[in-house]
Amino acid sequence: MKSEVKTRPASRSIGRRLGAFVLLSPGLTYLVVLLLVPLALVLSYTVFRRGRFGGVVYEFTTENFARLVDPLYLDVLGGSLKIAALTTVLALLLGYPTAYLIAQLPRKWKTVALVAVVLPFWTNFIIRIYAWIILLSGPGLVNSVLGTELELLYKESTIVVGLLYSYLPLMVLPLYAAIERLDPQLREASANLGASGFTTFRKVTLPLTLPGVLTGSMFVFVPSFGNFVIPELLGGSKTLMAGNVIRNEFLKARDWPFASTVTLALIAVLVVLLLAQAWAARRA
Amino acid sequence: MRRSKILYVPFWATYVFLYLPIVVLVVMSFNSGKSAYTYEGFSLKWYGELAADERVQTGVVNTLIVAAGSTAIATVLGTLLAVGLVRHTRSKALDALALMPAVLPDLVLAIGLLLFYGLIQMTLGLYSVMLSHALFSMAFVAAVVRTRLVGADSSLEEASRDLGAGPVSTFVRITLPQLTPGIVAGALLAFTLSLDEFVIAFFTIGNAEPTLPIVIYSMIRFGVTPKINALAAILLLVSFTAVIAGQRLTKIGESRAQD
Numbered sequence: 001m002k003s004e005v006k007t008r009p010a011s012r013s014i015g016r017r018l019g020a021f022v023l024l025s026p027g028l029t030y031l032v033v034l035l036l037v038p039l040a041l042v043l044s045y046t047v048f049r050r051g052r053f054g055g056v057v058y059e060f061t062t063e064n065f066a067r068l069v070d071p072l073y074l075d076v077l078g079g080s081l082k083i084a085a086l087t088t089v090l091a092l093l094l095g096y097p098t099a100y101l102i103a104q105l106p107r108k109w110k111t112v113a114l115v116a117v118v119l120p121f122w123t124n125f126i127i128r129i130y131a132w133i134i135l136l137s138g139p140g141l142v143n144s145v146l147g148t149e150l151e152l153l154y155k156e157s158t159i160v161v162g163l164l165y166s167y168l169p170l171m172v173l174p175l176y177a178a179i180e181r182l183d184p185q186l187r188e189a190s191a192n193l194g195a196s197g198f199t200t201f202r203k204v205t206l207p208l209t210l211p212g213v214l215t216g217s218m219f220v221f222v223p224s225f226g227n228f229v230i231p232e233l234l235g236g237s238k239t240l241m242a243g244n245v246i247r248n249e250f251l252k253a254r255d256w257p258f259a260s261t262v263t264l265a266l267i268a269v270l271v272v273l274l275l276a277q278a279w280a281a282r283r284a
Numbered sequence: 001m002r003r004s005k006i007l008y009v010p011f012w013a014t015y016v017f018l019y020l021p022i023v024v025l026v027v028m029s030f031n032s033g034k035s036a037y038t039y040e041g042f043s044l045k046w047y048g049e050l051a052a053d054e055r056v057q058t059g060v061v062n063t064l065i066v067a068a069g070s071t072a073i074a075t076v077l078g079t080l081l082a083v084g085l086v087r088h089t090r091s092k093a094l095d096a097l098a099l100m101p102a103v104l105p106d107l108v109l110a111i112g113l114l115l116f117y118g119l120i121q122m123t124l125g126l127y128s129v130m131l132s133h134a135l136f137s138m139a140f141v142a143a144v145v146r147t148r149l150v151g152a153d154s155s156l157e158e159a160s161r162d163l164g165a166g167p168v169s170t171f172v173r174i175t176l177p178q179l180t181p182g183i184v185a186g187a188l189l190a191f192t193l194s195l196d197e198f199v200i201a202f203f204t205i206g207n208a209e210p211t212l213p214i215v216i217y218s219m220i221r222f223g224v225t226p227k228i229n230a231l232a233a234i235l236l237l238v239s240f241t242a243v244i245a246g247q248r249l250t251k252i253g254e255s256r257a258q259d
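Chains as they are written, first to last, in the numbering used here: chain A, 1 to 284; chain B, 1 to 259.
Certain hints may be false.
[As the list claims (entries may be wrong)] Lysine-lysine pairs mimicking DSBU-like chemistry, simulated, CA-CA at most 30 Å apart:
hint : chain 1 : residue 1 : chain 2 : residue 2
1    : A       : Lys252    : B       : Lys5
2    : A       : Lys203    : B       : Lys5
3    : A       : Lys108    : B       : Lys5
4    : A       : Lys82     : A       : Lys203
What the hints contain is simulated information worked out from the structure, not anything from laboratory work.
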């Protein structure tokens, strides 16, 4: 079939170039104007002074970075990292066995189980967080069932629960895809050769599904790390995450340059993690 | 295959964890009492109050306007972009650029867009939210259409060209029909994402009348009432129906494609 392609007339290659231009230019223009230019703005505003009522004064300064390395903000970044990492680990502990069992269900039940995992994810994000306020608040269901009066809301752990609830489906899906692809004969061979269930898991299943583990972890970690809605609604005013600092500096303090600097720090952390993930995936 | 019984603990824990809050939310929406926490008896009165709430009505209308507009932009641009990327370039950099809005945290997109709108001194409102939503929606449409294109047979397009059809009629009569299931799936995805999107809308709406997620957010910050539960229950019903219908549709699409 490919040999016929060679007889293509010369005019067609000009036509092809024109076609490529017509197809690509609208989308790429949109991406340049509304993605690359805005990102360049975030980057460049980090070295300017703040305007009095938002905006910037175009005078070079390093004070935004000096403020960023203040222990107060480093703690916030560290705290966000910790919360996002804890969420990711918990999502793995719940998600891996779930994906593992779904992959072994009969075909019909597999679809049902997968849709059931994804379904909550397609409902309104704010509503899902609201549900936890109802469950965990003072007179809420958890306290009435336990007969206690525990303060369950507005803690770091509440934020973790909210993040886990919101992003767990994003962990299960890539894990399921990785486990599903696994050849069951490999595990049988391992068992026949005398390996225990745990050894088979450690030496065969886990290494072969590692790409899924890494993808799922990224899917959970990235939106958790940059979140400001969940810490605000479930964390009260006590625990600040990087997202809250960005939001407050932007919309309340109207310090656009410093908000941009924190945003840049957030992007930097994510880029480092993505590179680490790509490196780990290549080794896996 | 051996299945260790202990694995069923996290398996069922996952489903209980995912559905318990939803069940409680829906049950409490039928509460006759004033509390969103303690159930007193069955009543539909909160649904009545919800229907009378003008802020919610405006929110629903605004959300639909934004979703429809951004889906239209994203579907056209995303489809063209996907075809262009697969058929005309092998640039990994452009592929990555097209996917970037879907991968970056929403907060980063929101900040960048707000800075940009500030720089060009655009008045914020529904259309700035629409343009912003179209940005990430386009990435999702392009990604979905791409997967369809990679599997599609390009020899049909070549045959059409060899038989004398022009590039436009080949695109409209051969390429597009092959891609239709992907385009529809991408558009549905874009529409749903826009309906639920909060962060970017929150940053780029300015002082205009808000979209529904922002209305819900301010209601929650103001105080917890069963009215929010009633709204939540309706939204849950809408999204569950949409997802299950979408699931059916893609199944039908797939079986047609295989015929």
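Task: Violations among the numbered hints, reported as their numbers in ascending order - done: 1
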